[in-house]
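Q: The residues making up each chain are set out below.
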Amino acid sequence: MAISRLSSRSNTFLKPAITALHSPIRRHVSTDTSPITIETAVPFTSHLCESPSRSVETSSEEILAFFRDMARMRRMEIAADSLYKAKLIRGFCHLYDGQEALAVGMEAAITKKDAIITSYRDHCTFIGRGGKLVDAFSELMGRKTGCSHGKGGSMHFYKKDASFYGGHGIVGAQIPLGCGLAFAQKYKKDEAVTFVLYGDGAANQGQLFEALNIAALWDLPAILVCENNHYGMGTATWRSAKSPAYFKRGDYVPGLKVDGMDALAVKQACKFAKEHALKNGPIILEMDTYRYHGHSMSDPGSTYRTRDEISGVRQVRDPIERVRKLLLSHDIATEKELKDMEKEIRKEVDDAVAQAKESPVPDSSELFTNMYVKDCGVESFGADRKDLKVTLP
Amino acid sequence: MSAILQGAGAGAAAALTPFNSIDSNKFVAPSRSSLSVRSKSYIVAGSDDGTNKSFGSSSLIARRSQPLMIPNAVTATKADTAASSTSLKSGHELLLYEALQEGLEEEMDRDPHVCVMGEDVGHYGGSYKVTKGLADKFGDLRVLDTPICENAFTGMGIGAAMTGLRPIIEGMNMGFLLLAFNQISNNCGMLHYTSGGQFTIPVVIRGPGGVGRQLGAEHSQRLESYFQSIPGIQMVACSTPYNAKGLMKAAIRSENPVILFEHVLLYNLKESIPDEEYICNLEEAEMVRPGEHITILTYSRMRYHVMQAAKTLVNKGYDPEVIDIRSLKPFDLHTIGNSVKKTHRVLIVEECMRTGGIGASLTAAINENFHDYLDAPVMCLSSQDVPTPYAGTLEEWTVVQPAQIVTAVEQLCQ
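Sequences listed follow chains X and B, in order.
So the first sequence is residues 1 to 393, counted in full-length UniProt numbering.
So the second sequence is residues 1 to 414, counted in full-length UniProt numbering.
Bound conformation, chain X alone (with noise of 0.2 Å):
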């Protein structure tokens, strides 16, 4: 890619520095904040609107962070996979490794006053929010410190202090959701946008278009963001789509087809939606991202694609390896430093999964909390009179 350097000379950072890392062991990596400018592989492609820039601002320390969140989220994904395969992890598991450049190139463009709402692939984006990896696994496993102390499960990650409104488990129900979201936003008048996060099976659903239709009609600050792994479930795009140009679908609504592997990519479409949503209204962000599992833990992903394809495309196109040869080349890091790092993360992550392991179920007298806010005052039975009886306060 080609690539443009316009800061001086911080690139000599290589010299023992020291770090603002949090790991304990010293290291030659930068933490350089001065602006490098990078240009994206593949260009924007809009509707009814102007390209941003392919000249990215970023920062080694950006960069660097990227790289670091993202072999996280790959390591949390590879890890459930496991925990699943060991039905630690029950019902359904839906994994985003192959799509975490979304998750934190969207996190650099915005704060966290603006919301995200996505469906049940969401256990990237609550990272990406600021939600812990111990609380993630806790709630994989069911157990009371999970982040909806396990009455949620895979797909109901929330995050409320972080705006992170979850974790839907029916197809598209999130979008008019996220409309709503929106809509409290400018009724507030928050100076915040939300992120409608979707799929491209949820693209052919009819709330979507209602809820555009809404957001455009009453100018409301959503960007909804169709996350195009190209498959839904088992069905590729060229058979549920007539119109695969998910980022055109909005009609009147403008749209913007971005590449959902580079993580820089994303930040810029996000920095320039959140611009644009702020001033006039809706806008459609197709990324254009990959899944490397299967739609779910009890979907293979290799009845409807090829192996060769997935391989192929996590060689070309993985964004971890994409945000490692930009460090690389640009001396930010040197190989080993990465590998460390890495080592590190799954240490950390091991870390969380051994303490989730070790926290408690929730007891049965939670199966009757949270139904209501000061839950009424009505005696609630389980299915046996006796033992399950619970007062609700």
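Calculated directly from the structure, the hints in this document are not laboratory data.
Keep in mind that a hint or two might mislead.
Simulated DEER-style distance windows between Cβ atoms [as the list claims (entries may be wrong)]: (1) X:Lys-87 to B:Gln-401: 57 to 63 Å; (2) X:Leu-278 to B:Ser-90: 50 to 56 Å; (3) B:Asp-109 to X:Pro-360: 43 to 49 Å; (4) B:Asp-120 to X:Glu-309: 47 to 53 Å.
C-beta atoms are modelled at their ideal positions from N, C-alpha and C, and glycine is treated no differently.
Keeping the supplied structure of chain X fixed, place chain B upon it in accordance with the hints.
A: Leaving out everything else, chain B in the frame of chain X:
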């Protein structure tokens, strides 16, 4: 649950302790102990106080039998004298839809987070005039005319509620809300639970339902039976201007999602309601006519058929106790139970379908909880399990009529 306080009518207030304040703005969630004490006072009022008996007339002027809500459990014992209460001495007369509008307007004045969304609620004034004039007063951002997409705007209301707004979502006819069933069931009902309590969804979903005057099958649906199994929501049905306004206000103030069922044929009922502010308890049933021989449980429009039948029954020498259950989810098993323990016979009269209706659930609940007190099986009169036909005569036969109620009571009381 909404915390309840009800302003006293002028006369009763004077006789009471200072805790029975008219200032219903200070309210406190009742503790469990206060709930049980409240009910004690309630029963005392019902049986001892002679004034209540006069309410048994067939006039549509309200039965004013709600006890005052005492904020403090300790002083709740004083409530017995209170219950005779709420006199109609001061008040103003209005129609039911105007009462709903008044409640809505007062709550919108009180809390800037309250907004209304629905089809034609703004500039048109609402298809049943419940939101008339509100758009002019509060503006387009608070009274929102939505396009015709129930799924989307119900979802939007719920999303907005997750951030702290308090939207009131109107379905132009309850039947249209079937299109939003996913949003109501999965998001509205369950988000508080699946998020481990992080989000509350203080929405009110309201609209007219029930069998009207030859509106056809699709516009005569009773959705309370479909929604009743959704965990996490509350359902109430209003039947008089007094409880319409009270329930509307309580529903808006409640932190839980509430579905308020109105009835197409009841919008023009006229009644005199107090000038002071008041709220009705969301989980409480209303004693319409105390009696000794049989308990008749009903709600919404069937209340009037029952009261009509009650006239005939009284002439025949029966003394039915009529309770408007109002709270469809959860049932006020306390009031209902006390009544069953007194009369030992139950008749449920409802407009829902026979299969899986509110009556079916209520029958099960009564049998489970009060089996020992029943002298006869619980009888349930519901609408026929048919789509409501257009022809007037046929439509009449799908719904329970007063004559059938009289026959059922006679049968049960043999």
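Q: If a hint holds in the structure, say so; if it does not, say that too.
A: Results for each hint:
1. X:Lys-87 to B:Gln-401: 57 to 63 Å: 59 Å, holds
2. X:Leu-278 to B:Ser-90: 50 to 56 Å: 51 Å, holds
3. B:Asp-109 to X:Pro-360: 43 to 49 Å: Distance hint for Asp-109 (chain B), Pro-360 (chain X) holds at roughly 48 Å.
4. B:Asp-120 to X:Glu-309: 47 to 53 Å: Once the Cβ atoms are compared, 51 Å apart, the range 47 to 53 Å for Glu-309 (chain X) and Asp-120 (chain B) holds.
Hint compliance for this structure: no hint is broken.
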